Amino acid sequence: MPLVFACAASHAPGITGWAGAADPLQASRYHDAYRRLGDMLKASRPDVLVMFAAEHWSNFFLDNYPAFCVGRAAHYLGPLEKSLNIEQTRVVGDPQTASLILETCFESGLEPSFSDELRLDHGVMVPLHFFSAPELAVVPIIINALTPPLPTVRRCHALGRIVGEVAERSDKRIAVMASGGLSHNPGTPTAGMIDQRFDQEFLRDFLANDAQRLCAYDSSAIDPAGFGAHEIRNWVAAAGAASNWRGRLLAYEPVPGWSTGCAMAVLEP
Amino acid sequence: MSAYELQKLIFHTHTRAECRAHYLEDRSGFAARYELSDEERSALLNLDIGALYRLGVHPLLLRPFTDMNGISSPAHYAALRSGSA
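So the protein lines, in turn, are chains A and B.
Every letter in the first sequence is one number past the one before it in the working numbering, and letter 73, counting from 1, is 73.
Heads up, the working numbering is the position in the second sequence plus 1000, with the first residue counted as 1.
Isolated chain B, as found in the complex (with noise of 0.2 Å):
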């Protein structure tokens, strides 16, 4: 269900420049505005790529997020494919 929480975070580093610099301030402290599974908050202070596929974050939102976060797109791809077969 909070899919919907792990999306709206990372739709807001996005789309809300504040939400962003938060973000890559203090990852830890801007996640605890959301109600994140354990699992997620996990996937997402860990920027376990495959595990956030995996839980339901749209493609879209995860590239620019994981681009944000300074990881190139073959590093993206690759983890996204090993984090998912």
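Chain A with its partners taken away, still in its complex shape (with noise of 0.2 Å):
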């Protein structure tokens, strides 16, 4: 069936863990938001929600790291980082929706890798935080923004098609979401440095859903907007599950005290 909700948010880890360090309204504008979006995901009564992610060193290293990697595990533990203030939990998986991504992927000429066990830090467990949604099976795939050489984006954007097809394809009632970005540098000299010229022009890349705009960021795009900012590849896979969606902003707060240019948005037919 089709696709029944796909959205994107940002999860630096300060939303949860220091969230004290941001402007208060800042932050509550951006905690209600994630309710909000919870509260829609839920409406769309998802039976699995598939989350183009990041991964930040909690599972591979350089000695084998993955361009795209499937976790395919029946559950998942998270979070990794004691910092976040969310409890470690038990989250569900969806082998076989994860296994049919699987094989539509390679069918279609796309070799991502797979997991049957993968750790979950921030990059899933905010979204999750806010959800509160324990029933609800969550496939993972990890996309590098993290370690170069990455995908290109337009790989990251053929990637979200295949997922746009298998919900087509699936029985199952299935959501999409991107986690990561907008601009920050986190963890360096020029932390809390947010290129809101970068967010709001991606924003609008996004919101248009022009897949020509956004298969077109390149590093050299990117880079001065941050190290962290590479991962808008999740934003651009989940534009390419719903490519035929529009988007709506929920939130944009450029937050320095989490380092992030914090943007929420959700597509709609």
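These aren't lab readings, by the way, just hints derived from the structure by calculation.
Only a predicted model underlies this, so the values are computations on that prediction, with no experimental measurement involved.
Just to be clear, a hint being listed does not mean it is correct.
Only pairs whose alpha carbons sit at most 25 Å apart, straight line, appear in this in silico SDA-like list of lysine to any residue [to be verified]: (1) K82/A - E1018/B; (2) K82/A - A1079/B; (3) K42/A - R213/A; (4) K82/A - E1025/B; (5) K1008/B - L146/A.
Using the supplied hints, reconstruct the complex from the two chains, each of which is provided in its own coordinate frame.
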């Protein structure tokens, strides 16, 4: 059946871990937006949420770092980081949907890696914390936005298109979410820098779901917005999954205390 | 070349409880398990944040590592900014 829901949101660990570092009004607006997003997700009655997410040295190292990895486990444990103030919990997986995604990818000429054991970090757990839906099955798809060489943004869009096709093929009600971005350069001497111009331009392209413009993002366009901005790959994958839908912005809060241009949007038919 | 080993050491303290425990109990002994240059070993054992960053430790490995060592966020960034200036 068709995709039932698509959205994207930033996942900075400070959102839950050090919420007080943000301007209280900004924090309140972003937290409220996350709760509203959770309500909208629930209203779509999804059987499974496919999350395009980054991981942050929680699973993979330089001995073997995949461009894409589909989580195929029956359950996951997260978060890894105590600093998030999120109680560690068991997250339900969906091996059947993960396998269908993998099979469809391979048939389409795209070969992600897969894992039957992933540790979930803030990239997945911050959104799930606000969704308060412990019964919701999740298929995490890790996209390497961390350590070059990174998959091209165009390739991420193609991955998303395939997930959209899987939703059409599946009997299950599939929702997709992108987690990550926008501009940020955490852990570096310029942490707290937010490139609002980059964020606004990217949001314009995302909300229009303009595949041509989205696929044109490359390192020269992304690097000035911080290494974390490469997580827009996840947003572009979600745009590919819901390629005929258009976006609606729920929140944009540039929060220096969280070192992130925090954005949140839904894509709608 | 061995920034690979330096990062691997930090990655292991982040993802493996037994490595974290070993590091916290005996930093020098734990470091001996990895092929570090003298400069890397010194930066690691002295918790020289600016040096670790300059040597190539990824920012998202470095900050959890300094956090594990009880270094606050303001102290981490102050050291990073002074050490990388």
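Outcome of the hint check:
Of the pairs offered as hints, the one joining K82/A and E1018/B holds, with about 17 Å between alpha carbons and a cut-off of 25 Å not exceeded. Between K82/A and A1079/B the alpha-carbon distance is near 23 Å, which keeps this suggested pair within the 25 Å criterion. Annotation: proposed proximity of K42/A to R213/A is violated, straight-line Cα distance about 31 Å (limit 25 Å). Our distance criterion of 25 Å between C-alpha atoms is met by K82/A and E1025/B, whose separation comes to about 20 Å.
With a CA separation close to 15 Å, the supplied pair K1008/B and L146/A stays within the 25 Å bound.
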